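Chemist: As a plain string of letters, each chain reads:
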Amino acid sequence: MTARAQWRLASRRGFLATSTAAASTLVLDALPSPARAAQDELRIAIGADIASADPDHYTAWNDYWVYGNVFEGLYAPDAQGNLAPALAQSHEVSGDGLTHTFTLREGVLFHNGDPVTAEDVVFSLKRSLDPATQNQRAALIGDNIVRFEAADARRFVVHLKAIDAETVAKLSLYWQVKPRKYIETVGDAGFARKPVGTGPYELLERQPNQFIRLRAFDRYWGAKPKTAEVTLRIVPEEQSRVAQVMAAEAQAATPISPVLAARLAKMPNLNLVRVPSLTNVVLFLNSRHEQLRKKAVRQAICFAIDKPAMLQSLMLGYAVPEELWCTSAQPGCSLDGVEPYTYDPVRAKRLLAEADFDFAKPLRFVGMAPGRVAASKETCEAIAESLKRVGIAVDLQIMEFGAWNALKTAKEKDPSIAMIYATAPDPSRDVAYKLLVNTRSDLATSWVFDAANDGMLARMNSFTDQAERTAFLNQILRHLHDEALLLPLWANDTLFVTSRNVVFDVPPYLAYTILADVALA
Amino acid sequence: MTGLLLRRAVETLITLLLITVMVFGLTRLTGDPTSLLLPPEATEATRAAFRHAYGLDQNMFVQYEAFLIHLFEGDLGESFRLHEPAIGVALDALGPTLKLACAGMALSIVLGMPFGIVAATSRRRWVKRLGRWYGSLGQALPPFWVGLILVSLLALQLPLFPTSGYGTARHYVLPALTLAVATSSSIASLTQANLEEALRSDFIHMERVLGLPEWRIVLKHALRNASLPIVTFLALQFGLILGGAIVTERVFAWPGIGQRIVEAILGRDYPVVQAIVLITATLFMLINLAADLLYLVLDPRLRT
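Chain order of the listed sequences is A and B. If you're matching positions, the first sequence starts at 1 in the numbering used here and goes up one per residue. If you're matching positions, the second sequence starts at 1 in the numbering used here and goes up one per residue.
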């Protein structure tokens, strides 16, 4: 009998093959279908998980998916993105500007039903500033605080070393009120596992690197969230996030790159939502570099770069151009009397010749590898190419984010670096924080070395009159512009792709998304 | 047998010790973690306090000594970013990867071995050629592409399975299939080649002369003889998948060690990198030990 005949006669195998196929079909039918969202549940696919649900362990703005929606500070962004009373219903400042008294809103509850008192506020601030907590923003929040106390059950008082116009922002955006009794009962680890705040959403469940489930808090003091439940699904790959929306497994996904966004915008069943943000992209020009000491050279670089063309071709229009280092939504961003650096290669060459620029020596330019910021590598390459066209030789080095960050934040700056590409997100509408962190020359994060700028920064937060402060901020921005110490490129939009039944009414120009403002139609 | 086990145990311990040196040294060469783990506004004092809290201000030998002492106590440190024990972070991620690896391997064997057996035993040239093509094609296709194509076909166009995620049995199918495409083609190729060789042996010829049924000759005798390289390959492949099917886990948002270790490396989270590498290396060595023991079962000649 031939081998083939024997195979055919192996009726047991034939039976097995047939029955396996049938069984597979039955098994697949029996398996539960991919879950579809309930009518009042919003599923958003996001790119990365939070580090910790404990807001005192902040590592990045991504953590605000929870911190910004489960917790609150004394003030919070309103629908226009301006700071408005939240846990504090009012706020008074003493005549000398050194004592801030916050009156807490009545009837506010934590998610476990405990009422919010001034003792909770005191506890929360103590915890945040305690070195044992390792809150990495303790210095930012507390360096200017002498002492603080609960004047009574509803009044919280902070005493400052010096006038600081950012006090309310610091106690609102970078810090949150936490429940004293609850944390003392469950401990820090218990609190991180099951956090309790006062925000419009409470955290129901979290599986690290899988999902975070939030539910609207039914006893929230403010406007009820538009969606009862929100699930944040952690999906690191962009294509997979989009696939989830296309398969109706999620109703929204972010972040989305400009290239993919341009394609998705044409698809009939999807919406592309652009939320203007304050993720500034900037080119720092090292005024300590031997070739860039002269203002004329730095200005030549600014005139040599065609920003509008780059914005269209690289960001596909999904960014807001910047002339001063701010957007029109930010106080102090007036362009009145500002001479823009419009693309003018002829003028750039003339300035370089007048400055006796040494064209033989290439300028070292450090850029950022793709992955963190949209079109970062392409932007750096385009800048290098623009400079080559006016005769400037460029030695472009694209670095992985860790290496780039180490170089950018090194205490001793590498003097051979002429230019460095960077992002500098504004956490709020106020430019002061960004200016301080990125341009005060004694800070490791700064690549601006200018005594006049340092002098202005020292006075920046000492104003009590808002209009005066706004005008002063404008002066700082103009100074940075006129001295060409940096070249702002644009502010990236935050892009969401959503299904047709999602209504995104979120305030623009915030560092995080307020989920309470997202609705299912 | 006891001698073999003892010898392998000693070799394993020495290898693990060398791995600790390598992973410890290499992670620290990647740079200062404070620049990534702390926000830009963190002061120099904050950075110094962070380094001190985690012993990063000590010299490397002191740090390594402390690391080893804690290692023997079962403590692999605390994740810089997550503020949780690194071993817990690693073990939480290991579960999903192990499950996916098992599913992927099972599917690979189910797809690959029958294909290889049919290709080896068929007398038709086109069948043999098909077997070789499958062997090459499967390995040439990038997992990223395979994963996305499977999502496009079987989750979007035909909504049979979820596009990504973890949780139900359906969630396993597409990522396991993605892993299986490359692995099953290698298994098919290896099975075909080794089985063809085994089928040319004298003892097989004798068995045919003796009138044994062909299916028995192939499955009970020839395949057994051809299986040693296949077992080696399966052990290695399982270890590779376990080491983090990074691309597959990323495409399918699978919360496994591949994702975790990439996050930890990019974030300079040394304790998590160390924990994952050590746990994976230990598992890999145990799998190889199991493979060696399986050889003894399959080939009695090795028992002497």
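Read the hints as simulated data drawn from the structure, not as lab findings. In this text the structure is predicted, and so the values were computed from the model without any measurement. No residue lacks a Cβ here, since even glycine has one placed at the ideal position from N, Cα and C. Among the hints, erroneous ones may be present.
What the hints assert, rightly or not - Label pairs and their in silico Cβ distance ranges:
(1) A/K411 x B/M22: 46 to 56 Å
(2) B/S152 x A/E400: 40 to 50 Å
(3) B/P142 x A/S313: 47 to 57 Å
(4) B/G25 x A/T423: 24 to 34 Å
(5) B/W145 x A/S313: 52 to 62 Å
(6) B/A45 x A/D395: 48 to 58 Å
(7) B/R51 x A/A48: 21 to 31 Å
(8) B/W126 x A/T423: 30 to 40 Å
(9) A/V275 x B/C102: 54 to 64 Å
Claimed, not checked - Listed next, the stretches of chain A that the computed footprint assigns to chain B, with coverage defined by at least 3 CB atoms under 8 Å from CB atoms of chain B:
(10) 131-140
(11) 228-240
(12) 244-255
(13) 326-340
(14) 473-480
Chemist: All hints, please: hold or fail.
Modeler: Hint-by-hint comparison with the structure:
no., hint, result
1, A/K411 x B/M22: 46 to 56 Å, "violated, 30 Å"
2, B/S152 x A/E400: 40 to 50 Å, "violated, 30 Å"
3, B/P142 x A/S313: 47 to 57 Å, "violated, 29 Å"
4, B/G25 x A/T423: 24 to 34 Å, "holds, 32 Å"
5, B/W145 x A/S313: 52 to 62 Å, "violated, 27 Å"
6, B/A45 x A/D395: 48 to 58 Å, "violated, 35 Å"
7, B/R51 x A/A48: 21 to 31 Å, "holds, 25 Å"
8, B/W126 x A/T423: 30 to 40 Å, "violated, 57 Å"
9, A/V275 x B/C102: 54 to 64 Å, "violated, 42 Å"
10, 131-140, "holds (count 7)"
11, 228-240, "holds (count 7)"
12, 244-255, "holds (count 4)"
13, 326-340, "violated (count 0)"
14, 473-480, "violated (count 0)"
The structure fails to meet hints 1, 2, 3, 5, 6, 8, 9, 13 and 14 from the earlier list, while all remaining hints are met.
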